[in-house]
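Protein sequences, first through last, are from chains A and B.
For the first sequence, the tail end lands on 89 under full-length UniProt numbering, and the numbers increase by one without skipping.
For the second sequence, the tail end lands on 194 under full-length UniProt numbering, and the numbers increase by one without skipping.
Read the hints as simulated data drawn from the structure, not as lab findings.
On a predicted model such as this, the values are computed, not experimentally measured, just so you know.
Treat the hints with caution; some may be incorrect.
[Stated by the list, open to error] Derived contacts from chain A toward chain B, CB cut-off under 10 angstroms, selection only:
1) Arg-12
2) Gln-36
3) Phe-57
4) Phe-64
5) Thr-74
[Claimed, not checked] For each label pair, taking beta carbons as the anchor points, the in silico distance ranges come out as:
6) A:Ala-60 x B:His-164: 44 to 54 angstroms
7) A:Ser-11 x B:Gly-109: 29 to 39 angstroms
8) A:Pro-16 x B:Arg-192: 26 to 36 angstroms
9) B:His-164 x A:Trp-51: 46 to 56 angstroms
10) A:Leu-34 x B:Gln-39: 26 to 36 angstroms
11) A:Ser-11 x B:Phe-30: 45 to 55 angstroms
12) A:Asp-66 x B:Ser-49: 37 to 47 angstroms
13) B:Glu-113 x A:Ala-55: 44 to 54 angstroms
14) A:Ser-11 x B:His-112: 26 to 36 angstroms
15) B:Met-135 x A:Ser-11: 36 to 46 angstroms
16) B:Phe-30 x A:Asp-66: 53 to 63 angstroms
17) B:Gln-44 x A:Ile-61: 43 to 53 angstroms
18) A:Thr-53 x B:Lys-16: 21 to 31 angstroms
19) B:Thr-110 x A:Glu-21: 36 to 46 angstroms
Glycine included, each C-beta is placed from N, C-alpha and C at the ideal position.
If you want the building blocks of each chain, they are given just below.
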Amino acid sequence: MTSTACFIIVSRNDIPIYEAEVGSAAKREDAAQLHQFILHAALDIVQDLAWTTSAMFLKAIDRFNDLVVSVYVTAGHILYIYRTDLHMS
Amino acid sequence: MIGAGKIKQYSNILEKPLSKGKQEVSLSAFAFLFSELVQYNQTQVDNISELERRLEDAGYAVGARVLELLCHRDKGNRRETRLLGILSFVHSTVWKVLFGKVADSLEKGTEHEDEYMISEKDLLVNKFISVPKDMGTFNCGAFVAGIVRGVLDGAEFPAVVTAHFVPMEGLQRARTTILIKFAEEVLRREARLG
């Protein structure tokens, strides 16, 4: 597959605990910081959205060009943020 | 899909459903452990408020973990977003798992909007503990207050939680009340959510 996904676990106080990149892709240097920016931007959205629903899995909450961000919120407000390419949704 | 190979490799562990675990622990074992916890902390501190704070901190760690665990085990993956929701979660589910029964009562404070009380006639942790007169109003229920605070903090409902003895006529031992005072932001958010 030529698509990649980036996965970050963020704690309750916005501290990232774990980060992983899955899949295969050619360029890494400039794309590396891009992942972090996108996921950080998604944090604000998640924190507002988390209070509107009692579901835990929030699909496709944010888009950036062709990248989609989804997030799974646990009871202790620990966020599993997952960013994929659009055609893999 | 991504990670399909990895899922097969760990299918024994990740695909097993979350087990209920051993439901019951011996009361005497717990009472012994708790009394040792209190005694150990007593040797480390000089005054009562410090002792209460240490018990609360011990309970806080329990509360944070219990919140996550119970959400997955008993509530079928649904979070609590409303004040009354999280309070009834603490009052029924958490109490039932920790003490084997739901709490005796949940009341809303009359003087202040942000105060709630969970009362219990005979708190499990206080069952085998007697407080000497010179310790004043010290209450080992501070451990349970810490558990409640851990659960509320984890769910993003910051609150100040304390345990008090409330003497009741007709009962030999005083009733224990856990007083929960929510932070300003919780009430503002509740008002905003309507």
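Go through the hint on Arg-12 (chain A) and say holds or violated, using the shortest Cβ distance to chain B against 10 angstroms. 7 angstroms, holds
Honestly, do Leu-34 (chain A) and Gln-39 (chain B) meet the 26 to 36 angstroms range at C-beta? 56 angstroms, violated
Between Thr-110 (chain B) and Glu-21 (chain A), does the C-beta distance stay in 36 to 46 angstroms? 55 angstroms, violated
With respect to the beta-carbon atoms only, verify the hint that Asp-66 (chain A) and Ser-49 (chain B) lie 37 to 47 angstroms apart. Between Asp-66 (chain A) and Ser-49 (chain B), where Cβ atoms are some 57 angstroms apart, the hint is violated.
That 53 to 63 angstroms hint for Phe-30 (chain B) and Asp-66 (chain A) (C-beta), does it hold up? 55 angstroms, holds
Per-residue hint verdict: Thr-74 (chain A), partner chain B, C-beta under 10 angstroms: With a closest approach of 6 angstroms, the Thr-74 (chain A) hint holds.
Thr-53 (chain A) versus Lys-16 (chain B) beta-carbon gap, inside 21 to 31 angstroms or not: At 28 angstroms between Cβs, range holds.
Agreement of hint Phe-57 (chain A) with chain B interface, Cβ distance less than 10 angstroms: Phe-57 (chain A) check passes; min Cβ-Cβ to chain B is 8 angstroms, inside 10 angstroms.
Is the interface hint for Gln-36 (chain A) satisfied, with its Cβ closer than 10 angstroms to some Cβ of chain B? Nearest chain B Cβ about 20 angstroms off; hint violated.
A range of 26 to 36 angstroms was offered for this pair. Does it hold for the Cβ distance of Pro-16 (chain A) and Arg-192 (chain B)? 28 angstroms, holds
Return holds or violated for the Cβ distance of Ala-60 (chain A) and His-164 (chain B) against the range 44 to 54 angstroms. 48 angstroms, holds
Per the hint of 44 to 54 angstroms, is the separation of the Cβ atoms of Glu-113 (chain B) and Ala-55 (chain A) within bounds? Taking Cβ atoms as reference, Glu-113 (chain B) and Ala-55 (chain A) lie about 29 angstroms apart, which means the hint is violated.
When the structure is compared with the earlier hints, violations turn up for hints 2, 4, 9, 10, 11, 12, 13, 19 and for no others.
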